[in-house]
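> The lines below spell out each chain.
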Amino acid sequence: MPDAFAIFDLPRRPWLDATALRDEFHRRSATLHPDAGGDGEKFAQLNAAHEILRQPDARLRHLLELEAPELLAHAQKIPPALADRFMRVAAAGQGCAAFLTRHRAATSPLARALLAAEHVTQSSTLETTLADLDTAQTKALARLEILDPGWRAHLPELATLHAELSYLEKWIAQLRESRLQLTLISNLKSEV
Amino acid sequence: MIAGIDLGTTNSLIGVMDAGFPVLLADSDGERLTPSVVHFPQSGEPLVGRAAARMGTLDAAHTISSIKRRMGERTRLPLRDREFSPEEISALILKKLRADAERALGQTIDRAVITVPAYFNDAQRAATKTAGELAGFTVERILNEPTAAALAYGLDKLRDRSKIAVYDFGGGTFDISILELNQGVFQVLSTNGDTRLGGDDLDAALISDFRFDSALRPHPSANLPLSVSLRSAQISDWQKRELVNAAKHRLSEEDAVEIPHGADVYRLTRARLEELARPIIDRTRAHCLRALADANLAPGELDAVILVGGQTRMPLIRRIVAEIFGREPDTTQHPDEAVATGATLQAGVLSGAVQNIVLLDVTPLSLGIETFGGLMNVIIPRNSTIPLKAGELFTNAVAGQQAMLIHVLQGERELAKDNWPLGQFELPFEPAPKGQARVGVQFEIDANGILHVLVRDTKTGAEKKVEMTSAVDVSDEAVEKMLEDSLEHAFEDVNARIFTEAKLKADELIPAVSAGLEKAGDLLSETERVEIQTRQQEVESAIAIGAAQPLKSAIAALDAATQRLATLLIEKAMREAR
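Protein chains in written order, with this note's numbering: chain A, 1 to 192; chain B, 1001 to 1578.
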């Protein structure tokens, strides 16, 4: 992958303003898109670069690949700051999955009604865990913005932040999917 | 000149840009809507549109409607002296639209933008493109219907920056797309849907509920049920569909309708229609929530929810959409015409007649390949902006391996076998030690949402397009196997099966009753408790006797008797959560 920052004529940096980036993507698409008489190959590059830059974890990974690829090799394990969170995320996800399996197996309205209390418990555990992950994500992004001006002096910390953000992104997506599943079965009116 | 075409399940339309404005063209009867119906007469050319729909009433066996639902299938429909593919039937509809448009304009039209449901997969898109080519068009673009509708909506709002959802409930398909509009750029953020959910499903529910009342209101002593069933049996499914459709349309405005049919009358109330329709429309909720989650938006962040598709005239749909999104939907767009208008605008963009508009659409389904262990390995995730390319490097797993078979899949399931197989191709390797032979493969999704696979030659660097062999033949075999299996089981004792199913349900229900009574039984009246106990004993004795039908009815009675208990349990859970 060529330098995504260069494609957008941006200096390499870990933090970007999401709205400004999207506006720039739209502005360039208006002339580069093949439908507007642009070059298909150039649009494909712009599209791929936007996809990388808009997500903080993908952007950081790309930056490290360009600047310090040796630091990425160690970033596979869960950072210590997230170790205890991992247990809670796993417990919330598994609890929810097990509950959903039992709920699907229950066919009569009464059997489902008996699961209502646990439904409430599972939902609230999930919400608490998600809120905690959101806080952690906001904190990591704020740290990223702080490191941005002199980022070259903080490459090891950026590598840690990359690992944190990747895990958080993945866990948030998983728990949101669980939340969606819980919402979809929570049509209490139709259960009764 | 490029035409914009909405090839719908129920109706189709065609339009062109005229002096900077999209104009939909009428046929010789002055109608813009052409029913997507084809009739094959005993001799002569097939009839298309209203003439074909009229013939359907008389000769349903030789009349095809809703062919869009079969697009992408490898089936052939026998009609008169030959067989037709779904693409060929669709091509007949497109030819009629083309002829009508050429008559209206006095010039040849041989290029077109054709719309498809956003959730159409690769095979369904490719089939639609083929249909266009069979009708003599160069297909300039396969365009997603909700995106087209967004274009029609956003045309006079090009300076704005907003986020909108397009809820498109058509005759046969449902789509939800979420877009960001910014300075003339229409970027789709996410899309979801069901290509087999639409007005046709409401019709089917109404038809299975269909019965006539006698218009003559005979003396109460007359043997009414018999005469009713005889007359109902005399009318064809096609005629029933026409009746339920007429009733359904009128019930968007009225509370109850009576439609006479000979000596009979078909009565339907809005309440009954909504009772039958609610479970069908409720199925759109999951798709809407998933699209919102994929766009990473809360409903409150949307500036508008646009309704399109003829079925969205129904008040119940409007209420359900308002429930899902927490806001009143925007009904400014013409439900039947917005998609065709948008297709015409996109035709204008491609011909250069419309400036300052660019559509950035997405691929609706994840694209991947089958990996070791039968898992799906996603290469291009759903909702990625198209056109795009993604590369993947393959290496040999053992020394001297000559080739590798790659299965390409589309879908969101973890197991490869649960996803839609797009096809397979063989990747040749140079003789080399394990892990040393490498071949790069490019997966490219074009602006039509159609996949192309390119293999890069490691020596010359040249890319070569790979033709995939369809995996559909394999699933045809699977379908036959399933048919055989079901035939084998067809002769089993039906009663035994019903009894086993009912017994399983009872095994779940009886412990649930005890548990429910223990938790909330004190909230019931003495009468209610006795009623539940009596019904429970009836279920137990029906099991002891081993009779299927009595057990089924006893379970239904116990279900009904415990309904209030179920409500109390849920209320109790809610109360204790606070």
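A hint or two may mislead.
As the list claims (entries may be wrong) - With a Cα cut of at most 20 Å, we get these calculated SDA-like pairs of lysine to any residue: (1) B:1503 with B:1544; (2) B:1572 with A:125; (3) A:42 with B:1404; (4) B:1572 with A:140; (5) B:1465 with B:1425; (6) B:1505 with A:103; (7) B:1503 with A:106; (8) A:42 with A:73; (9) B:1389 with A:54; (10) A:42 with B:1462; (11) A:139 with A:103; (12) B:1163 with A:66; (13) A:139 with A:80; (14) B:1519 with A:117; (15) B:1552 with A:81; (16) A:77 with A:140; (17) B:1505 with A:100; (18) B:1417 with B:1404; (19) B:1163 with A:20; (20) B:1552 with A:106; (21) B:1417 with B:1432; (22) B:1503 with A:140; (23) B:1157 with A:23.
Hints are computed from structural coordinates only; laboratory data are not their basis.
> Hint by hint, which ones does the structure fall short of?
3, 4, 8, 11, 12, 15, 21 and 22
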